[in-house]
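Take a look at the letters that make up each chain.
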Amino acid sequence: MHSFGYRLNALLTFSVTILALMCAMASFSDNLNTPSPSVEIQIVNINWFQKQPRGNDEVSLTMNISADLQSLFTWNTKQVFVFVAAEYETPKNSLNQVSLWDAIIPAKEHAKFWMHTSNKYRFVDQGNNLRGKEFNLTLHWHVMPKTGKMFADKIVMSGYQLPEEYR
Amino acid sequence: MGWIGESIDSIKSIQIRQLLTQAVSLGMIVTSALIIWKALMCITGSESPVVVVLSGSMEPGFKRGDILFLHMSKDPIRAGEIVVFNVDGREIPIVHRVIKVHERQDTGEVDVLTKGDNNYGDDRLLYAQGQLWLQRHHIMGRAVGFLPYVGWVTIIMTEKPIIKYILIGALGLLVITSKD
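Here the protein sequences come in this chain order: A and B.
Under UniProt numbering, residues 1 to 167 are what the first sequence spells out, in order.
Under UniProt numbering, residues 1 to 180 are what the second sequence spells out, in order.
In isolation and in its complexed conformation, chain B is listed as follows (with noise of 0.2 Å):
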């Protein structure tokens, strides 16, 4: 393993010049993805703008490991349009599909229910107690772009934090040893 050798003497070899070149450019790594995230939250008008899908309560649509982009626009909600929404008392929020709507003639209000495709029942026993709808600042956003199994790295990241810190040390290890 000549490549291991080769990365001690190169941080053997480290001045304090390309130290903080180093430092720099693990910096500008953070950042970007930084301004990416925070520039999708804008493009979008979502606070989170991809979603994992944890549950299997939409399948064989999603799957667990799913990810999902969400749009938040100021169209109304309607019925068969896939929600993201968060119920008070409950810290993960959920993906289901809009079952019903009720909008009110004076004030737009909607009164929202919701159910998962592959659950037997609607939401209502998942909501806050004695919560028959959900209204408009429950939800987050609605999905409108799938990509299959690409949110499996942040549940193992998730559920076995030890590979998160490998792979962080890794990367850190090979920004601070590469040459350019």
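One chain only, chain A, in its complex shape (with noise of 0.2 Å):
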């Protein structure tokens, strides 16, 4: 009854139970975090503003991108992933959504940041609607725990508009 096996496999049992008790309270403890992360994008200025030979419309604009957050990260926060995305609809497409910039936050002390950025991907768009097109530009965010659930949010800022001609 009480032979090697026995107490080993009862040892085994019970310290992967306590370990995955404690993984479900880290990741769960997250929950008790109410975020308040705050941001501001200027585009400075428009590139360029072409038609790609392929025929889809194609835009390079810079940015400044000035964001805080710091209120993200807890204690079971690994990284948070961020990017900028810009949304619009077109008569084709009820949305798109084109990713800018994005960067990888390691931790809490770089999550006050200042960027003055052109976009890292480019910005095609499925035709040739983005002349004059108004669009929103979108932060979202990604917790990535160290163990548990992931987090995602986003921060939505309208009144962004392309020039109506090519340049």
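Check each hint, because a few of them may be wrong.
Below are the DSSO-like pairs computed for lysine-lysine, each with C-alpha atoms no more than 30 Å apart in a straight line [stated by the list, open to error]: (1) B/K63 <-> A/K146; (2) B/K74 <-> A/K154; (3) B/K63 <-> A/K108.
For the record, the hints were derived by calculation from the structure and aren't laboratory data.
Hints in hand, dock the two standalone chains.
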């Protein structure tokens, strides 16, 4: 009844159970945090705006991004993935989301930042609907935990517009 | 090592009735594992509810050997979500993040482009020849939860099958020689 095998088994089962319970509690504790992030994005310049040889509109722009995401971090946060997407509607598509810029924030100390950057990924439409197009810029964040459930949310900023003519 | 001697003695003393009970209990273990897996498939709606991360393309978020819990709901796919997808002509599914979404006005179909956080460029090089976008049917599920390191067990077992056989053998022996 009290053989080596039984004791090993009992010890192993117990430690795995405790570990699982601790992971679950760590993940649950994330729910107690109510984050209040803030962000501001300005489009400083439209670098160029043209029709690709394939026929799709493409634009290159420069942005100022300032954000404070410190409140997203808890003790169970490994990193925060943050990205800015342009979102707009066209006659063909009810939703277009194009990621323009992203970054990985490894620690709370880096979560308050100011960036001057042009778009990291190409801003290409499916078609040529971008002239004079009004669009939203949305800051999305994806909180990746040390263990457990992942969280994601966003801030939508509207009122941006592309120029009427190619340049 | 009295333990081994004990085990051999207990194998010798097996009777037919005891043998049957043990066969049944072994069957119970296998079937209950199967039941749990199939139940998870039903609940999450994904054909593989748990996947092991095999590459470093999502580092530092997901490392090799971490496991992800998947969920496949009717909700539309949006940028930023981490999805698991199959590409035609590739056997192993890929876990990457969605960076572009174009959703049709009339049919509601989506065109999706993905990228690994740790990769320099997007995934068009990984897709089939000439494929520009992923569609809904390529996507197996989206990652909702994360557990580090646990997947190493399966990685080790697939890469070193001998360990798998030793483990299965030892477990089988334990079940056969246990007396309750």
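Verification of the hints:
1. B/K63 <-> A/K146: 12 Å, holds
2. B/K74 <-> A/K154: Status holds; Cα separation ~21 Å.
3. B/K63 <-> A/K108: At roughly 21 Å apart (the allowed maximum being 30 Å), A/K108 and B/K63 satisfy the hint.
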